[in-house]
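Visitor: Position chain S relative to chain L; hints supplied.
Protein chains: 2
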Amino acid sequence: MIQPVTIHYPNGTSYRPQQPEKPANYNSSLIRHGGRGMTLEQEINESNQYYLAHEIAVIHKKPTPVQIVKVDYPKRSAAVIREAYFRRPSTTDYNGIYRGRYIDFDAKETKETTRFPLDNFHEHQVEHMRSCLKQGGICFGLIKFVTLDQLYLLKASDLIHYWDQQGDPHGRKSIPLAAFQQQAIPVAYRLNPTIAYLDAVDQLI
Amino acid sequence: MIQPVTIHYPNGTSYRPQQPEKPANYNSSLIRHGGRGMTLEQEINESNQYYLAHEIAVIHKKPTPVQIVKVDYPKRSAAVIREAYFRRPSTTDYNGIYRGRYIDFDAKETKETTRFPLDNFHEHQVEHMRSCLKQGGICFGLIKFVTLDQLYLLKASDLIHYWDQQGDPHGRKSIPLAAFQQQAIPVAYRLNPTIAYLDAVDQLI
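Residue numbers (the numbering used here), protein chains in the order written: chain L, 16 to 220; chain S, 16 to 220.
Chain L with its partners taken away, still in its complex shape (with noise of 0.2 Å):
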């Protein structure tokens, strides 16, 4: 059986976790899967969450870009809005700061089992990720082969070596799983943080 915690800020706020609470029926016998059917994304935040309390790290990740069109605002109510769309995003999703470092990652999952589709990224992440490397940052994607349940820290690096070669007159599209079995390090899921990718940025450190 597994207790919730509580975790106490030091200002004596209650943490309260972005994740929606779980239901009544939770099965804890799930809890120590890797995976747990949660998306890459939750297990991401998790972890971030556990990293923030114990004070490892604060890394979070950045909201959904929105163009906001048309908002109304009921009496005695939130505002709501109303007509927005979704905006290209111009960075990386998770960035933060770890043992005084720069951290800046993105999270992809891919159904594929022997390669990994270099169109999961697009060319202003990719952008994004080679300007970080210039300032000094620790940048990498976390990519996860869903049907594998094996997820990798793949170094922007080497990413970006993989996106150049995309030009070449035989340059893949994709990068293949051994890839990733050579030059990437693997992440093991636990129970806390879920997915330990802190221990894998600790490598490149």
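Since the hints were made in silico from the structure, they are not lab data.
These numbers come from a predicted model, not from an experiment.
What you were told as hints is all true, and nothing was included just to trick you.
List of simulated lysine to any residue pairs, SDA-like, C-alpha gap at most 25 Å:
1. L:Lys123 to S:Val81
2. L:Lys149 to S:Ile153
3. S:Lys149 to L:Ala68
4. L:Lys85 to S:Asp108
5. L:Lys170 to L:His139
Guide: Positioned in the frame of chain L, the structure of chain S alone reads:
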């Protein structure tokens, strides 16, 4: 007469500023005035674009967090968000990397002329700065007295000092302008970048 400059990234794609294009009747004689009728947010975004294009720093504003409830997917056109609500941000608005250091700050404007009311900041923003400071980040507030047309960089440690003394028996709910003049670093308005706030950051590193 100021000519528009097209900046080309190494990959050959054009640099597209996030700001809307200047209107056709845009008066270049206005351009050298501090403020130029821009909000502090616009001034910072313009400066960040300059710093990015010149490979000085990679600092972005985070998107406004929105809870999306209902999305329409019309045929042959972009998805439209039809119901969404503003969420309280869990961090400051700006972060990134400069000279290998993690940078994290928030920007606030006040029309007051003698003091900066502390309720411009929210508890979670101050707590976020406290967390980032513990990790070795460079954290601060950019605070503009719009009526005085004065802009200051206030170190997060000073901000936190004033924040925490609010609970004291004779605690103040604001920071006097004199404290900015003594403790904070003034930020000058220029042409490029609009506000050279990283010059002030250099004094913190």
